[in-house]
Amino acid sequence: MTVPIHLRHDETFVLNLGPQHPATHGVLRVKLTMDGEYIVKAEPVLGYIHRMHEKLAEAGTFAQFMPNTARMDYLHALAFNHGWALVVEKAAGIEVPERAEYIRVITVELNRIASHLLWWAAFLLDLGGFTPLLYAFDDREKVIDLLERVTGSRLTYCYMRFGGVYNDIDDEFIAGTRDFIKRLRGRMPSLYHDLVTHNIILIKRIKDIGIITPEQCRRYGATGPVARGSGINYDVRKNEPYSVYPEFDFDVPVFDECDSMARYMVRMHEMEQSLRIIEQALDKLPDGPVMGKAPKVLKPEAGYYYSAVETARGSLGHRLICDGGKNPYKLKLRSPTFSNLSLYGEVAEGMLLADALAFMGSLDLVIPEIDR
Amino acid sequence: METSIWRALLYLVGIMAFAGLNAAYLGWCERKGAARIQRRIGPCEAGYAGLLQPLADGLKLMSKQLLVPDGVDGIIFRVAPVLAMIPAITSMVVIPFSENIGARAMELSVLLLFALASISMIAILLGGWASGNKYAVISAARSVSQNLAYEIPMLITVITVVLISGSLNLREIAIDQQGGFWHWNIFRLENGHFLTMWISFIIFFICSVAETNRAPFDMAEAESELVAGFMTEYGSMGFGLFMMGEYLNIVVGACLTATLFLGGWDCPFGKTPGVWWFLIKIYILIFTFIWIRWTYPRTQIYRLLNLSWKILIPFSLINLLITAALIKVF
Chain A
1400 MTVPIHLRHD
1410 ETFVLNLGPQ
1420 HPATHGVLRV
1430 KLTMDGEYIV
1440 KAEPVLGYIH
1450 RMHEKLAEAG
1460 TFAQFMPNTA
1470 RMDYLHALAF
1480 NHGWALVVEK
1490 AAGIEVPERA
1500 EYIRVITVEL
1510 NRIASHLLWW
1520 AAFLLDLGGF
1530 TPLLYAFDDR
1540 EKVIDLLERV
1550 TGSRLTYCYM
1560 RFGGVYNDID
1570 DEFIAGTRDF
1580 IKRLRGRMPS
1590 LYHDLVTHNI
1600 ILIKRIKDIG
1610 IITPEQCRRY
1620 GATGPVARGS
1630 GINYDVRKNE
1640 PYSVYPEFDF
1650 DVPVFDECDS
1660 MARYMVRMHE
1670 MEQSLRIIEQ
1680 ALDKLPDGPV
1690 MGKAPKVLKP
1700 EAGYYYSAVE
1710 TARGSLGHRL
1720 ICDGGKNPYK
1730 LKLRSPTFSN
1740 LSLYGEVAEG
1750 MLLADALAFM
1760 GSLDLVIPEI
1770 DR
Chain B
13 METSIWRALL
23 YLVGIMAFAG
33 LNAAYLGWCE
43 RKGAARIQRR
53 IGPCEAGYAG
63 LLQPLADGLK
73 LMSKQLLVPD
83 GVDGIIFRVA
93 PVLAMIPAIT
103 SMVVIPFSEN
113 IGARAMELSV
123 LLLFALASIS
133 MIAILLGGWA
143 SGNKYAVISA
153 ARSVSQNLAY
163 EIPMLITVIT
173 VVLISGSLNL
183 REIAIDQQGG
193 FWHWNIFRLE
203 NGHFLTMWIS
213 FIIFFICSVA
223 ETNRAPFDMA
233 EAESELVAGF
243 MTEYGSMGFG
253 LFMMGEYLNI
263 VVGACLTATL
273 FLGGWDCPFG
283 KTPGVWWFLI
293 KIYILIFTFI
303 WIRWTYPRTQ
313 IYRLLNLSWK
323 ILIPFSLINL
333 LITAALIKVF
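From first to last, the protein sequence lines stand for chains A and B.
Just so you know, we're using the working numbering here: the first sequence kicks off at 1400 and counts up by one.
Just so you know, we're using the working numbering here: the second sequence kicks off at 13 and counts up by one.
Hint data in this document are derived by calculation from the structure and do not stem from the laboratory.
Where hints are given, some of them may not hold.
Stated by the list, open to error - Just so you have them, the derived chain A footprint on chain B, three or more residues with Cβ under 8 Å:
#, region
1, 47-53
2, 220-232
3, 300-309
The model shown is predicted, which means the values in this text are computed figures rather than measured ones.
Heads up, the beta-carbon is just placed ideally off N, CA and C, and yes, glycines get one too.
Please model the entire structure based on the sequences and the hints provided.
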């Protein structure tokens, strides 16, 4: 709800939101200039968890950087694994067996569901609903258990290798995944939609709040559910297909409302689409090895390489420069949340504090991925 | 009414014990209830089913130092939590627990209760203001506008009850509703009062949720926006007193609802009236408070004020008009 108000710039005060604040999900700091409860100006201040990941990449070999990728977006770590594996494979010309690509897609999509479930929980928490968190974590726990079984870790995965994956999946994993698909499909309409999506308080809180125009999305380079909630039909998996995604039949949910509700709906539908992809991948799963032939020491030819993947938060680009040595010469990441956060200041202007925080939740921020 | 010193002492101890037990154990009930709703266990380590948890929490809070931030008004900062607690305990003096249990049956006890209830709002205002914290000040401002907005429809609905019972004395109002649930104000059959009174009840209940600053109307301590609102700077027993005051306000709200609308100590079947029925009613109401809190997300301050000014106040006024007309007609 936007109340037209004449904002008086002479009677403002500065409110420091964060770096330690329950709603900023990490160490984001937003410097708010407030007039009463209205925001006159919002400036995100970054860098509180800057760990020089891009510089660290230059210090080690290509393989040594793999664990770092998972520390950036800890919620969709496998997509970051995947992105790094893809760009290095492109640079070194490594072939990946088909089974390995299928397994990559299955695990990445499972991880995407886990990420969206956690976003859903945290978003509701921002809106003051504590109970949904526990139910979302119940489902997320099932995903994490499955991924733990195949990758060996629960949050910061280091599962992908150049030329394949580190571990093959077994029948128990496949059966468990099928169970999970059935379980989430059963719970989605009754638990997630009936109890939360259709709740009048939630609808009033997020409908028509935080309008991001398609023009703003383009100007700031917003991608992922934020752009798709503003009517921009762009998904790296469809528009610049990588891995084996072209072999699956799935839709890209796009909503035109541009508000927080649209972004909410995009993510809810994306979970269903991910379930579809996983189901098809399990049905079509080919036999064969999960590791291709890759040299022990990688020395890609000198040159510029770029590849993009779709993470739960949007398009992640790896810009890799090689000089023929066994270490990357330079790595630059184009991380989705950085762009998605950049538009926060412009959109939050004139909003109520409570609405601005609901809007921040709808952007699905992961701070370590912004600061890197 | 006999005026022996023993009676006064007995009620003093009794009310303090009732208030203290409720303040401590409603916290436990809330945590257990929330845990049940969220498929968790809740407190279970301290004593059987975590029953000693409130004691442990209280000891911990009491053993901590009350930190007064630099540059704040120390007296107001210390007085505010006490102000949150005292009116809630004092209110219990006029609550008729049963026909024979009730410290004082004053002629204007309804008025006294609302006067005392307003003081807890001042406690929040003072606490937030004295903290010298921006979040606390925003929270204090929110809570004042919220309490003002919700006291109006609440009082208007109380007038409908007063019109029907013809008394401002809580005990008289309760006695007027004796003899089975069809005599209770909410379902009152005579003169067709049930037509309007259930609306009064709903409005009153919504207002009492808002008055006690409970979710989904917990604007004052919206933890995802204002960290802890007016309690941000409070630690130790200052925080403890605010929490206890909040629970006691819920108890008083439930007592008031039970007396005004649900027949006080009356049995629904008109058989065995007594204090147990009163307690059953208030604890069902309190559980509803807890249930609502852990089910719904929070609303937003302006929407909350709109609900009061644009919906509840007009509805309660129309409701009052119809009730008055019904009384005149029959």
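Right, here's what the structure says about each hint:
1. 47-53: holds (count 4)
2. 220-232: holds (count 3)
3. 300-309: This one holds; 4 residues, not fewer than the three required, reach chain A with a Cβ under 8 Å.
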